[in-house]
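*Asks:* Quick note, the sequence shown lines up with residues 0 to 110 if you use numbering that gives the first Met the number 0.
Do not take every clue at face value.
Using C-beta positions, here's what the derived DEER-type ranges look like [unchecked claim]: (1) Gly79 to Leu5: 36 to 42 Å; (2) Arg88 to Gly68: 34 to 40 Å; (3) Leu17 to Thr67: 48 to 54 Å; (4) Gly79 to Met0: 46 to 52 Å; (5) Thr70 to Leu11: 17 to 23 Å; (6) Leu5 to Thr27: 30 to 36 Å.
Mimicking EDC-like on lysine to aspartate or glutamate, the simulated pairs with C-alpha atoms at most 20 Å apart in a straight line are [claimed, not checked]: (7) Lys83 to Asp57; (8) Lys24 to Glu82; (9) Lys24 to Glu41; (10) Lys83 to Glu72; (11) Lys83 to Glu99; (12) Lys24 to Glu99.
Hints in this document: simulated from the structure, not taken from any laboratory.
The structure presented is a predicted model; accordingly, all values stated were derived computationally and were not measured.
A virtual CB, placed ideally from N, CA and C, is assigned to each residue, including glycine.
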Amino acid sequence: MKKRILICLLILVGAAFLFYLGIQKTHTFTLADREGSSLKEEQIQPVFGTVQVSSSCDTAVVFTDTETGETYEIGYLTPGIREKIRLRRGRWYTVTGAGELTMGAVILRIE
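Whole structure, please, built from the sequences with the hints as guidance.
*Replies:* Quick look at the structure:
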């Protein structure tokens, strides 16, 4: 009996993990560098409250809340390294940073 419960629990945890990976993959976007401008034209909204960011070059990344103007910053990001930042769910943010920024678990809005 305990063996069946353990197997069911492992299947449930595995399904939840695969569901999370699917959402992460579906909601990962790359914001392109627009002719040397560090300001991206797209806006993002976190799906889970934590955003994973990577860049194609050394840069600082600044997220600005479109409603309040409050800023959140990743001070220094190097290529190949992924950083996480906690942002408020349900809010839209503009993003400033050099190079191509890849962000995971976000909803994208193009203005």
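*Asks:* Check each numbered hint from earlier against the structure, then list the numbers of those it violates in ascending order.
*Replies:* As far as the earlier hints go, 2, 3 and 5 are violated by this structure, in ascending order.
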